[in-house]
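J.: Please model the complete structure; the sequences and the hints are all you need to start from.
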Amino acid sequence: MPRLLFLTLLLSLPLLAEEPAPTGEFLFTINCSACHLPDQQIVGPSLVEIRGLYEKNIDGFLSWAKNPVQKRQGAIEMPSMAHIPDEQLKLIHAHILEISKGLKQVKQSNADPFSLSATIARRPNLLRIFMPDAGPAAIAVAVDHTYSYCWDAGTCRLRYLWRDGFIDGFPVWKANGNGLPNVVGTKILTEPDSPLAQLSGGTPPKFLGYNLKDGLPTFRYRLGNTTVTERLTASDGTLQRHFTLAPPPAKDLLLPLANEKGVTWTHLKGTPGKGILEGPLTLSPAEAAAFTLSLVQP
Amino acid sequence: MKFLLLLAASLATASADVWTDAFTLESTPIPAGIDPQIGGLDTLPDGRLAVCFHRGEVLIYNPADQSWTPFAQGLHEPLGIIAESATSMVVMQRPELTRLRDTDGDGRADDYETIYDGFGMTGNYHEFAFGPARDKDGNFYVALNVASNGAGIRKEIRGDWTSIGVPRETMDNSDGQWGRFKDKAGRMYSRAAYRGWVMRISPDGKTVTPFADGFRSPDGIGIDAEGRLLVTDNQGDWRGTSPLYHVEQDKFYGHPASLVWRSAWTRNPLEVPVPELEALRTPAIGLFPQGELANSPTQPIAIPADTFGPFAGQTLIGEMNQPTLVRFLPDPLDGISQGTLVPFLQSKNLGIGNHRLTFTPDGALWIGKTHLSWAGAQGLVKVTLKDKHPFAIDSVHLLKDGFEVRLTEPLDPASAKDLALTSHRYLYHATYGSPKVDEQTLSITSTTVSPDHRTVILKADGLREGHLHVLNLKFLKSTDGKPLLGDLAYYQLTKKR
Numbered sequence: 001m002p003r004l005l006f007l008t009l010l011l012s013l014p015l016l017a018e019e020p021a022p023t024g025e026f027l028f029t030i031n032c033s034a035c036h037l038p039d040q041q042i043v044g045p046s047l048v049e050i051r052g053l054y055e056k057n058i059d060g061f062l063s064w065a066k067n068p069v070q071k072r073q074g075a076i077e078m079p080s081m082a083h084i085p086d087e088q089l090k091l092i093h094a095h096i097l098e099i100s101k102g103l104k105q106v107k108q109s110n111a112d113p114f115s116l117s118a119t120i121a122r123r124p125n126l127l128r129i130f131m132p133d134a135g136p137a138a139i140a141v142a143v144d145h146t147y148s149y150c151w152d153a154g155t156c157r158l159r160y161l162w163r164d165g166f167i168d169g170f171p172v173w174k175a176n177g178n179g180l181p182n183v184v185g186t187k188i189l190t191e192p193d194s195p196l197a198q199l200s201g202g203t204p205p206k207f208l209g210y211n212l213k214d215g216l217p218t219f220r221y222r223l224g225n226t227t228v229t230e231r232l233t234a235s236d237g238t239l240q241r242h243f244t245l246a247p248p249p250a251k252d253l254l255l256p257l258a259n260e261k262g263v264t265w266t267h268l269k270g271t272p273g274k275g276i277l278e279g280p281l282t283l284s285p286a287e288a289a290a291f292t293l294s295l296v297q298p
Numbered sequence: 001m002k003f004l005l006l007l008a009a010s011l012a013t014a015s016a017d018v019w020t021d022a023f024t025l026e027s028t029p030i031p032a033g034i035d036p037q038i039g040g041l042d043t044l045p046d047g048r049l050a051v052c053f054h055r056g057e058v059l060i061y062n063p064a065d066q067s068w069t070p071f072a073q074g075l076h077e078p079l080g081i082i083a084e085s086a087t088s089m090v091v092m093q094r095p096e097l098t099r100l101r102d103t104d105g106d107g108r109a110d111d112y113e114t115i116y117d118g119f120g121m122t123g124n125y126h127e128f129a130f131g132p133a134r135d136k137d138g139n140f141y142v143a144l145n146v147a148s149n150g151a152g153i154r155k156e157i158r159g160d161w162t163s164i165g166v167p168r169e170t171m172d173n174s175d176g177q178w179g180r181f182k183d184k185a186g187r188m189y190s191r192a193a194y195r196g197w198v199m200r201i202s203p204d205g206k207t208v209t210p211f212a213d214g215f216r217s218p219d220g221i222g223i224d225a226e227g228r229l230l231v232t233d234n235q236g237d238w239r240g241t242s243p244l245y246h247v248e249q250d251k252f253y254g255h256p257a258s259l260v261w262r263s264a265w266t267r268n269p270l271e272v273p274v275p276e277l278e279a280l281r282t283p284a285i286g287l288f289p290q291g292e293l294a295n296s297p298t299q300p301i302a303i304p305a306d307t308f309g310p311f312a313g314q315t316l317i318g319e320m321n322q323p324t325l326v327r328f329l330p331d332p333l334d335g336i337s338q339g340t341l342v343p344f345l346q347s348k349n350l351g352i353g354n355h356r357l358t359f360t361p362d363g364a365l366w367i368g369k370t371h372l373s374w375a376g377a378q379g380l381v382k383v384t385l386k387d388k389h390p391f392a393i394d395s396v397h398l399l400k401d402g403f404e405v406r407l408t409e410p411l412d413p414a415s416a417k418d419l420a421l422t423s424h425r426y427l428y429h430a431t432y433g434s435p436k437v438d439e440q441t442l443s444i445t446s447t448t449v450s451p452d453h454r455t456v457i458l459k460a461d462g463l464r465e466g467h468l469h470v471l472n473l474k475f476l477k478s479t480d481g482k483p484l485l486g487d488l489a490y491y492q493l494t495k496k497r
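Which chain is which? The protein sequence lines are R and A, in order. Note that the working numbering has the first sequence beginning at 1, numbered continuously upward. Note that the working numbering has the second sequence beginning at 1, numbered continuously upward.
What the hints contain is simulated information worked out from the structure, not anything from laboratory work. A portion of the hints provided could be inaccurate.
Not the full set, but computed from the structure, chain A residues with beta-carbon under 8 angstroms of chain R [unchecked claim]: (1) D21; (2) H54; (3) W68; (4) A151; (5) L372; (6) A375; (7) K382.
Using N, Cα and C, we set each Cβ at its ideal position, and we do this for glycine too.
T.: Structure (structure tokens):
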């Protein structure tokens, strides 16, 4: 009988509990748990680390929580917790000390666990991702094991070429996009503008998409009234860049070609301009309808 | 004594697992080499699943033989997909809405057609792009996250820039000066075109309509069984707690940053008096109490007909930070949308990170998980209904002086006691989040059970418009002694009856 009575008492406890004051655990769950884990860094530092900073400095904890600033390069700044009363912040502080007790920070590898996966290692490859020195709608393409380039779907143009590597996208993928990939290899040519910019007639270019053939994209976009396709390929160690223009221009097209320390484009078909290194390449309307440029390296 | 404690503990455990008594949860292995954070999930007409991953892959999963086949790759943070057919899928990437087509029949997309990229990007990490949802006429809806002052903007941006706000040069992320200016930008800001808006794109992609504004971080966009466009948003500045909205054209949903993209708008939204914003905003149809029900709600989805027993036709919503999904029960009144949110699958076995949802024709629910370095999880979970007669809340209907709670199964009338009702509201302000304010315990004047034992009518004093009413029904039992699946009902009362 006493046994049963006790059981009844235990089970009725929730009945008796009137809306209890919030506990540190509850307040932590509501306000902090999305960004702080006990023993490892996610968006914010671990509780082990916070313990190290504020175990004996509750005033520092309160003032930090109410007025945080960005301390770590590349980290997200914590939102202010000024809406939480001091007594409740103190409960959170106590809860952090309680659950981090005896824990050690888990060492996190800074290496990409998927660096060998096909997503990154396949050649050719195309990855849409934030890129340095480009607009936010950037595309990274590995043509083969030698050549890679950055193409910008916002401005519809090639931004730069590099060789002997592709990208390490982990700084972007490991988080929520607040980072930039490392370009692996050596940049060899940056284009200051599209060689076809003159076709725009002052209107913004319009990106239409791309087709993948043999893993490589053929970009299509509109410059003014002209629909352009652009495709980069490599054969026998030479990088080639194929364009089509529809409709073809009404008169000769003068192409200013980028040149960086002798790295530039030459024309395979039609009449090269008077020394492409000194002046623009001239294409007749018929030649401009479909033409190929080839990369020259000193 | 020890025996009693053990017994009490085991009773507590049993009651915590009511969900796995009623549902089966199974996790599905993801192929090696794939970062298993799921941004988009949909069911193909043939019952296979189209799954978008964090690093841009779209894979097709065949539940029949558990095979995965690649369909597309290289997408920029895809956060939603509609599988039109086995050869055509529409995906929302960070920079654009894209149709992926397999034109040569080899099972892999070879054409990536840009449907819509006419919105701005500053390069700020928080400018996610969500959707698409598609209405019965084939229109697409996408939702554009505003930027976070956790970072500035990049040197190069895409699209139109508004000069309303702090000067662009002070916002550049790359020169280390951002910390000096961030407080002047607004906690979340919209400086590139249409950030904070829901956009409607016609089926042919040719007509784009800025549809509704006032959004902050609207990760969830979907159409319910009645064809209503539902959008969830995330607690933060101007969001005392996370809301659910019924979104209609030209309405404003409370976060002011996006107002700068209204035609003829000239003022800095940070300087508009709060009462003016308050008058402009459309109230939420449901509120998720932060930390109790949901912290970061995700995709709303209609449960198909003949699926999940009594829950067919209702709306489910995912949640990132709490181990639960949420069910929405509408209670429309005089053209005002309002209703109740109830926990669903609130179980440690479900876990957190519940991001994207889809149903397969066999009646299973599939949940794609992600975290993007916030709290969350990863992978794919399959949920099937085991108990054909789950005991749960079917509807909550507001009365003049109380609530009528309809249940899916008859209840034990003796259990209809000790119900509790409280109400509170949240502050509407630029500060991040809000405490509960004006909390009140309402006195319940009567509790009546209908003759068919399917309805509990609860009369109470002091219902208040603009307040979230929390009904605690945790002692209700079915006639065969089962506890309620989801025993707290959160009714957002915008208008009294």
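J.: Hints the structure violates: just list their numbers, smallest first.
T.: 1, 3, 7
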